[in-house]
Amino acid sequence: MENSSPTSAAPSRTLATPPRVARKDDTVPSPTLIDVKGLDFYYGAKQALFDINIAIPDRRVTAFIGPSGCGKSTLLRCLNRMNDLIDGTAVKRGEIKIRDIDIYGPAVDPIELRKRVGMVFQKSNPFPKSIYENIIYGLRIQGVKSKTKLDEVVEKSLRGAALWDEVKDRLHESGLGLSGGQQQRLCIARTIAVEPEVILMDEPCSALDPIATAKVEELIHELKKQFTIIIVTHSMQQAARCSDRTAFFYMGKLIEFDETHNIFMNPKNAQTEAYVSGRFG
Amino acid sequence: MKRYFDSELETFRSDLLRMGEVAVRQVRDALQALVTGDVKLAERVIAADDELDDLEKAIDTEAIRYMNLRAPVATELRLVIVGMKASHDLERVGDEATNIAKRAIRLAGEPPLKPYVDIPRMATISIEMLRAALDCFIHADSAKAIEVVKRDLEVDAINRQLYRELSSYMVEQPGTITRALELMFISKGLERIADHATNIAEETVFLSDAQDIRHEQSLKKSGLTS
Amino acid sequence: MTAPSHFYTSRHSFQRRTEGTIVWAFRLATYVILLCGVFVIGNICLKGLPTVTGSFRSLKQFPYVTNTFLFEAPESLYIFKHEGVKREMGDTEYRAFREAETARATAEGRPVPEFKAQSYVYAAGGIWPCIVGTVLLVVGAMTIALLLGVASAIFLSEYARDSAFVRFIRLAILNLAGVPSIVFGLFGFAMFVLYFDWNVSLMSGWFTLAFMVLPVVITASEEALKAVPKGFREGSLALGATKWQTIRKNVLPFALPGILTSSILGIARVAGETAPIMFTAAYVVRDKLPWEVAKFGDFFFQGVMALPYHIYVVSSKIPQNAYTQRVQYGTAFVFLGLVALIAGSSILLRNKLRGRYQW
Numbered sequence: 001m002e003n004s005s006p007t008s009a010a011p012s013r014t015l016a017t018p019p020r021v022a023r024k025d026d027t028v029p030s031p032t033l034i035d036v037k038g039l040d041f042y043y044g045a046k047q048a049l050f051d052i053n054i055a056i057p058d059r060r061v062t063a064f065i066g067p068s069g070c071g072k073s074t075l076l077r078c079l080n081r082m083n084d085l086i087d088g089t090a091v092k093r094g095e096i097k098i099r100d101i102d103i104y105g106p107a108v109d110p111i112e113l114r115k116r117v118g119m120v121f122q123k124s125n126p127f128p129k130s131i132y133e134n135i136i137y138g139l140r141i142q143g144v145k146s147k148t149k150l151d152e153v154v155e156k157s158l159r160g161a162a163l164w165d166e167v168k169d170r171l172h173e174s175g176l177g178l179s180g181g182q183q184q185r186l187c188i189a190r191t192i193a194v195e196p197e198v199i200l201m202d203e204p205c206s207a208l209d210p211i212a213t214a215k216v217e218e219l220i221h222e223l224k225k226q227f228t229i230i231i232v233t234h235s236m237q238q239a240a241r242c243s244d245r246t247a248f249f250y251m252g253k254l255i256e257f258d259e260t261h262n263i264f265m266n267p268k269n270a271q272t273e274a275y276v277s278g279r280f281g
Numbered sequence: 282m283k284r285y286f287d288s289e290l291e292t293f294r295s296d297l298l299r300m301g302e303v304a305v306r307q308v309r310d311a312l313q314a315l316v317t318g319d320v321k322l323a324e325r326v327i328a329a330d331d332e333l334d335d336l337e338k339a340i341d342t343e344a345i346r347y348m349n350l351r352a353p354v355a356t357e358l359r360l361v362i363v364g365m366k367a368s369h370d371l372e373r374v375g376d377e378a379t380n381i382a383k384r385a386i387r388l389a390g391e392p393p394l395k396p397y398v399d400i401p402r403m404a405t406i407s408i409e410m411l412r413a414a415l416d417c418f419i420h421a422d423s424a425k426a427i428e429v430v431k432r433d434l435e436v437d438a439i440n441r442q443l444y445r446e447l448s449s450y451m452v453e454q455p456g457t458i459t460r461a462l463e464l465m466f467i468s469k470g471l472e473r474i475a476d477h478a479t480n481i482a483e484e485t486v487f488l489s490d491a492q493d494i495r496h497e498q499s500l501k502k503s504g505l506t507s
Numbered sequence: 508m509t510a511p512s513h514f515y516t517s518r519h520s521f522q523r524r525t526e527g528t529i530v531w532a533f534r535l536a537t538y539v540i541l542l543c544g545v546f547v548i549g550n551i552c553l554k555g556l557p558t559v560t561g562s563f564r565s566l567k568q569f570p571y572v573t574n575t576f577l578f579e580a581p582e583s584l585y586i587f588k589h590e591g592v593k594r595e596m597g598d599t600e601y602r603a604f605r606e607a608e609t610a611r612a613t614a615e616g617r618p619v620p621e622f623k624a625q626s627y628v629y630a631a632g633g634i635w636p637c638i639v640g641t642v643l644l645v646v647g648a649m650t651i652a653l654l655l656g657v658a659s660a661i662f663l664s665e666y667a668r669d670s671a672f673v674r675f676i677r678l679a680i681l682n683l684a685g686v687p688s689i690v691f692g693l694f695g696f697a698m699f700v701l702y703f704d705w706n707v708s709l710m711s712g713w714f715t716l717a718f719m720v721l722p723v724v725i726t727a728s729e730e731a732l733k734a735v736p737k738g739f740r741e742g743s744l745a746l747g748a749t750k751w752q753t754i755r756k757n758v759l760p761f762a763l764p765g766i767l768t769s770s771i772l773g774i775a776r777v778a779g780e781t782a783p784i785m786f787t788a789a790y791v792v793r794d795k796l797p798w799e800v801a802k803f804g805d806f807f808f809q810g811v812m813a814l815p816y817h818i819y820v821v822s823s824k825i826p827q828n829a830y831t832q833r834v835q836y837g838t839a840f841v842f843l844g845l846v847a848l849i850a851g852s853s854i855l856l857r858n859k860l861r862g863r864y865q866w
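These protein sequence lines map, in sequence, to chains X, U and H. Taking our numbering, the leading residue of the first sequence gets 1, the next gets one more, and so forth. Taking our numbering, the leading residue of the second sequence gets 282, the next gets one more, and so forth. Taking our numbering, the leading residue of the third sequence gets 508, the next gets one more, and so forth.
Treat the hints loosely; a few may be bogus.
Stated by the list, open to error - Here are some, though not all, of the chain H residues that point toward chain X, as calculated from beta-carbon distances under 8 Å: (1) 537; (2) 538; (3) 739; (4) 747.
To be clear, the hints were calculated from the coordinates, so they are not data collected in a lab. Beta carbons: idealized from backbone N, C-alpha and C, even for Gly.
Construct the entire structure; sequences and hints are all you get.
Listed below in structure tokens is the structure:
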């Protein structure tokens with residue numbers, strides 16, 4: 001009678017072949033570029049951000065999600081000090097360090113900061129000038145006059161924004177003559193023309209149709225090779241498609257910050273789970 | 282419009298196809314080891330099962346990630362779901378092949394009970410079904426897939442016949458019981474492999490036509506061959 | 508046969524009749540205004556045109572045609588009979604004629620004819636100095652008003668933080684709009700003529716008129732600046748521009764059409780007001796033209812003749828007769844034409860800018 005138990009032929013359990021799914025570059029850890037520590041932010045007497053601690057990685061896409069009024073746009077606008085333009089706002093505690101320099105420190109000029117931390121707005125706002133003039137606006141205010149340099153920057157930025165082929169024949173026509181998606185890409189081109197380190201995007205696709213949205217998302221995927229991108233979005237599918245890390249905010253607090261796959265697959269916080277599965281409120 | 286995550290789906294498909302290739306190879310090699318009594322071949326089959334297990338885990342991980350992050354719809358969604366199920370079926374095929382190989386090792390030292398005719402015949406049909414099912418999957422050919430489903434009854438018939446034969450052997454010559462039992466289990470294994478091939482074919486129909494044709498007895502009966 | 512009744516038939520014929528009546532009332536109001544405007548302007552044009560066109564004279568040399576009403580100074584009119592023919596002549600012409608006739612009579616040995624003439628002051632000649640004076644006043648006052656007004660509007664709308672003080676400033680500006688123009692004249696007289704010791708001069712007139720028209724300019728400029736979308740400012744600031752760079756490049760050019768529109772209103776007012784310039788800038792008569800000055804500095808501190816003041820003078824300060832009436836209507840006609848010309852060029856400029864800075 002044969003013993004049906006396995007004989008010496010059974011080898012020890014080893015990984016015969018490594019898993020076929022190639023480890024993506026994006027999940028390789030990246031150093032921190034922006035380090036927010038203990039940030040408290042006030043609109044006048046009302047506190048809008050409570051003890052925010054978040055480390056944004058370099059050359060990755062980070063998404064901020066959360067319900068309306070949770071403070072994600074406020075935090076975004078803190079990163080390039082656009083909140084300074086509103087009366088009565090103040091950072092009462094904590095710091096935001098970009099490359100170890102506290103941007104609310106005394107020696108920091110917000111004008112210089114905004115040249116290195118660019119912003120794309122929800123409602124695309126191309127200036128009512130020609131496409132060419134739009135792109136070189138940032139350079140003109142820095143005093144760049146050389147026409148060859150300006151031409152070069154225009155072509156580079158439009159190629160970078162995946163808009164060159166569509167507009168190369170009409171650079172001197174008004175930027176307002178473009179479609180919504182093209183206008184938003186024009187604004188992105190304008191932002192990257194000054195070669196910032198960080199691009200902040202405040203719901204860039206909320207006013208766009210799905211095809212234009214897809215084009216902008218493809219663009220973001222290309223841009224992250226060169227720039228650190230932070231995108232505020234109401235669309236969770238967009239956060240899932242585009243971002244490498246996602247931060248969930250609620251009522252001015254950071255609830256959870258993790259790799260996007262984990263946030264949507266296995267969030268640690270019950271509120272996060274409720275929000276991403278659409279059961280919030 | 283091409284999206285940057287299209288490559289993830291391509292990886293998924295190619296992993297599935299690779300798994301299919303490996304599974305088919307495993308069954309073929311296991312039968313070869315049985316018929317020729319090649320113990321070394323059988324041991325290689327047993328060792329290679331790890332590759333199928335890893336592939337199943339990888340495919341499942343990839344599928345879950347794709348569904349989580351890319352929110353697929355329509356064909357993509359069906360592909361991901363079918364892929365997950367098919368990988369399970371293929372992994373089970375691999376396990377059956379491994380079991381056949383283990384039994385082949387045990388049978389190798391002893392003289393064969395009878396010339397191997399039916400078992401290779403079953404194996405041929407099962408392997409053909411598996412290949413055809415995978416082919417249909419690649420080409421999303423639902424018409425051919427339905428043919429695969431119909432052939433399952435052939436294999437069931439051979440299995441029942443072999444069962445009767447081996448039972449009578451065991452009754453007449455009790456000394457052959459151990460070998461006969463091994464052969465019965467091998468036959469059962471091949472019948473299970475054919476069932477898994479049927480499953481894959483049904484999943485292919487779901488992939489290409491979004492129709493669920495599982496558990497349709499009428500379909501199988503209409504393919505009853507003489 | 509009545510129409511079949513369904514969901515959408517009209518049920519409220521009373522309201523529709525009321526609507527019809529109201530619309531006709533609105534139409535009537537508009538037409539009444541139109542008629543009045545046509546009547547007034549038509550009257551001036553009809554009576555003033557002959558004075559302007561009738562004073563064309565042809566010469567035997569370049570420029571072959573000249574116009575006395577527009578290009579000569581006011582003179583007295585002399586009506587007299589000579590050799591049985593009634594003639595009317597202006598002062599210079601009369602003197603020349605008298606000399607010529609006397610010389611001719613003496614040469615022919617006839618007795619010197621007697622020249623008895625009735626003179627009407629301001630009834631002959633032209634209004635050239637008035638035109639020059641008005642143009643100077645308008646250009647100067649509008650320049651000052653636009654500079655001060657736009658600067659103030661930029662400060663109020665872009666830089667100043669909302670506080671009780673700023674609201675008070677806005678209230679003060681609005682109140683300024685309601686101040687009667689004679690009060691402005693008195694203010695100008697007290698401040699610029701007496702206190703600053705500028706005397707009756709272009710400078711005093713400029714500043715008085717500028718202050719008079721400032722509220723309109725500031726309010727309209729603020730509206731024009733507010734109308735520029737916030738996105739232009741945000742976008743520019745986000746690229747690292749200073750606030751002034753943003754305003755200069757991205758806000759002000761697009762607000763210019765609106766600002767110029769306000770200036771059109773201002774021009775009409777500045778050109779037409781008599782009370783402010785009565786004490787501060789205008790002379791009844793001045794024989795020197797403004798550019799005939801001893802040194803450059805004197806240009807700003809001289810008084811001028813002005814069209815609205817001249818109309819006032821020929822209408823009320825001198826005895827009325829058929830001859831002065833010609834001059835009155837002629838001046839009024841020229842005045843309307845001048846304002847239309849300045850306003851027209853301002854509109855042209857605004858349209859050109861609108862085309863360039865459209866959004």
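So, going through the hints one by one against the coordinates:
no.: 1; hint: 537; result: violated, 35 Å
no.: 2; hint: 538; result: violated, 39 Å
no.: 3; hint: 739; result: holds, 6 Å
no.: 4; hint: 747; result: holds, 4 Å
When each numbered hint is compared with the structure, violations occur for hints 1, 2.
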